[in-house]
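Whenever a hint applies, use it, and build me the whole structure from the sequences.
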Amino acid sequence: MKKKINPRALILLLALLALLTAFPFCVSNYIIQIAVYCGIYIMLAVSLNLLVGYTGIFSMGHVAFFCIGAYTSALLATKLGIAFPLCFIAGGIGAAFIGALVGFATLRLNDIFLAFTTMGLGEVIRIIIQNASFTNGALGVAGIPMPMLAGHKMTRIEFYFMVLILVLILVYLVSRLVHSNTGRTLKMIRDDANAASSLGVNVFRYKMTIMILSCFVAGLAGSLYATFLQYINASNFSISISINIIAMVAIGGMGTISGPIIGAILLQVLPEAIRFLSNYRQLMFGIALVISIMFAPRGLVGLNWKRIPFIASVCEKLKTNNGKEI
Amino acid sequence: MLYAEEVSVRFGGLTAVDRVSLHIVPDEIHAIIGPNGAGKSTFFNAISGINKPSEGKITFQGKDITGLKQHQVAQMGIGRTFQNIKLFGSMTVMENVLCGYHQHVKSGLVHDLFGLPSQMREEAELLERCKELLARVELYDKRMMKANNLPYGEQRKLEIVRAMATGPKLLMLDEPAAGMNPSETEELKQFIRKINAEGLTILLIEHDVKMVMSLADTITVLDHGSKIAEGSADEVKNDEKVIEAYLGKSYRR
Amino acid sequence: MTMIVQQLVNGITQGGLYALLAISYSLVYGVMSLVNFSTGSIYMLGAVGAWLLCNYLISDFLLSLVVGFAVGFALAFILEKIAFKSIRGISRISSLICTIGFSQMLNELTALLFGKATKGMPSFFSEKAFEVVGVTISWLQLILMLAVVVVLVTLQLFVYKTKMGLAVRTVAMDNTTAGLMGINVDRTISIAFSLAGACAGIAGVAGCIYYRSVSAYMGWIPGIKSFSAAVFGGLSSMPGAILGGYLMGIIENFGVQIFSTGYRDVISFVVMIIFLLFCPAGLLGRKKTTKV
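Residue numbers (our numbering), protein chains in the order written: chain A, 1 to 326; chain B, 1 to 253; chain C, 1 to 292.
Beta-carbon label-pair distances, calculated as ranges:
{"no.": "1", "chain 1": "C", "residue 1": "SER86", "chain 2": "B", "residue 2": "GLY13", "range": "41 to 49 Å"}
{"no.": "2", "chain 1": "C", "residue 1": "ILE221", "chain 2": "A", "residue 2": "LEU13", "range": "44 to 52 Å"}
{"no.": "3", "chain 1": "B", "residue 1": "GLY12", "chain 2": "A", "residue 2": "TYR172", "range": "47 to 55 Å"}
{"no.": "4", "chain 1": "B", "residue 1": "SER214", "chain 2": "A", "residue 2": "TYR172", "range": "53 to 61 Å"}
{"no.": "5", "chain 1": "C", "residue 1": "SER86", "chain 2": "B", "residue 2": "SER90", "range": "20 to 28 Å"}
Please keep in mind that the hints were generated in silico from the structure rather than gathered at the bench. All residues carry an ideal CB built from backbone N, CA and C; glycine is no exception.
Shown next, in the form of structure tokens:
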């Protein structure tokens with residue numbers, strides 16, 4: 001399979017990259033903050049999509065792993081003074097570890113049981129954090145230091161670039177993964193687990209692997225979140241965050257690469273962009289979720305955009321040399 | 001090749017398969033027939049690892065496979081298809097067959113994540129092999145179609161091809177002719193003969209007695225969970241117990 | 001000893017609420033294989049209905065329950081007609097997500113119209129009924145227990161003794177075959193769904209009277225807990241759901257006694273997860289075997 005890269009598509013990609021690079025220098029601190037949140041939510045949505053969209057494992061408590069990552073990283077940084085890169089990785093590993101435990105216990109059972117366990121886990125963890133002393137209880141963890149970069153504390157713009165690079169790497173890796181044998185195997189399990197195992201697929205092992213991977217990414221996102229916010233509190237990790245992530249994946253398009261990215265950006269930016277909406281953010285998410293499942297069950301990405309003539313012509317131009325032959 | 005010794009499967013108090021023994025010789029087409037509820041599917045599933053046998057022993061090529069999980073059985077070299085076709089509906093014909101190659105893929109998660117050269121090479125190789133196989137079974141032209149959009153007969157065929165891609169030594173077909181019209185059945189028969197001639201041992205369950213009689217080398221007849229007859233088509237056809245099981249006592253000669 | 005009995009009484013009272021909600025989940029799951037996540041919101045709206053009645057019209061216990069029933073029934077009926085009917089064919093994950101969306105929508109809409117603040121309910125039957133060796137049982141507890149039992153028994157009678165109930169059970173087993181047998185599947189699902197909503201509505205009223213507060217987000221926790229209670233009892237079995245609900249209430253109250261109130265929502269949950277790991281089909285649930 002030789003992929004011919006279309007010059008037009010390449011130019012488009014480079015332009016997008018240039019825009020993403022130039023943009024933080026032209027906008028206010030506040031907008032940079034929104035952009036960073038966008039990046040963090042993209043990580044969460046992409047990781048949830050690996051479970052829900054590609055493997056058909058419905059985790060309703062993704063916030064649990066986000067939260068574990070955030071707290072692991074924050075506590076290591078504030079209590080032990082460990083440097084950011086280590087905290088970052090530790091956040092991922094902490095979440096992956098809990099994810100592995102949950103997966104081991106529930107992935108053999110039916111999907112509803114997993115949905116229920118993960119959802120409950122989110123609440124359980126939040127309540128424990130709110131009550132336990134090592135997490136400072138309801139007070140939260142304050143004074144999480146910004147990472148150091150070349151001898152000075154990272155600025156917000158530098159943090160933005162770090163998140164940007166991480167997101168790009170993540171999206172690249174995930175798109176590699178889903179187009180490989182592993183990705184194909186996950187889709188097999190989603191479509192028909194029984195048939196998959198008749199072809200020699202160890203269904204449980206694959207589910208476990210993807211669970212750990214997804215939780216790892218969610219944990220990393222948590223670490224970024226805690227570090228950027230510099231203060232976290234149990235109320236940052238309520239169940240509505242899980243629902244928001246689900247909404248991003250479902251509205252963007254489950255089981256696609258671009259879907260969760262578009263969903264995350266849309267749901268993160270729209271309430272900010274349209275001022276009067278921001279008070280009704282949660283309501284809007286709910287409505288959007290219902291509408292998208294009822295009228296666009298494959299998400300925004302799955303809609304037939306080519307019906308709009310302008311988009312059709314752009315697609316045509318991009319596709320001319322890019323007929324991917326399989 | 002495959003020995004089943006005194007295999008029983010019980011669900012609670014119900015004995016679905018009662019001490020059935022079976023021996024499959026390499027390169028033969030072996031059929032299991034029997035009236036509805038005779039325990040054929042249960043026996044089949046006991047071999048392929050969906051139901052655990054309550055008693056008895058199953059060996060395949062000298063290795064004990066009793067009670068192994070489904071994917072382990074598949075990895076031993078036993079492929080199977082399902083009574084109600086289980087294709088991966090969201091994938092194309094090509095992808096379905098690629099899935100069949102799963103156990104031959106060496107690259108693991110890390111290779112796949114980073115798209116290492118070895119993984120790319122392997123994937124390209126796989127694609128070639130897949131195309132070759134599809135060309136051989138005359139599905140090449142339809143390779144980009146969604147599996148669900150194939151006509152019924154070809155869905156069956158695709159499922160068999162997908163199982164063939166796992167590189168099995170024994171292929172188990174669960175009622176392959178179910179729901180087919182006579183011409184599709186005839187085509188299927190030719191197809192099974194062809195893959196058998198290419199060196200694949202086949203075990204099949206079938207309702208269509210006419211098809212089985214003209215296809216199978218050995219036929220095992222089950223009734224009420226136990227084996228009542230075994231032998232070539234002619235032997236089975238004239239067996240009193242078989243006639244009784246199918247037609248009732250009054251037809252006994 | 002006194003304490004144990006006291007907690008048992010409290011547990012059974014609370015368990016009754018969970019049982020009502022659990023049976024609501026179980027009923028919907030039975031006929032549609034759908035976990036209706038908006039059950040908690042219907043619970044909340046039942047309570048809001050009762051609050052409006054008591055505050056603006058007449059403060060009456062029985063009438064409140066009737067309002068809860070009506071609100072739950074009507075709301076579920078509408079939801080089913082406008083939404084769940086059209087998504088019946090889609091994947092389980094998508095339909096579950098859709099109910100989450102509805103739940104979110106209803107909660108937020110209520111928060112918008114009703115206000116986010118928690119409001120108090122008038123108290124009914126505040127005096128205690130009797131006290132036996134230190135165990136106090138209030139009239140409220142007694143009446144709530146009784147009301148819940150009456151509703152549960154009526155529902156059981158409906159499902160197991162009437163023609164419509166038979167239709168519900170048939171659809172739960174296999175709705176294609178049920179359709180072929182001349183049962184109006186759409187109508188049956190609609191009725192089962194509405195009844196499930198009514199149960200949740202009544203539970204909401206009972207809940208707000210028991211805790212004496214109403215708020216737009218009050219449905220979350222009971223919704224999740226009684227869902228776990230339903231899974232605990234065996235989602236596919238209605239008696240299982242009832243049993244699960246009561247056990248949930250009892251375990252929770254003992255847990256609070258042993259640990260601290262801060263962990264109220266955690267204890268029962270952890271117990272149930274541990275139990276389910278060893279017995280995934282739940283207490284009375286049947287293990288589902290899919291034919292291959």
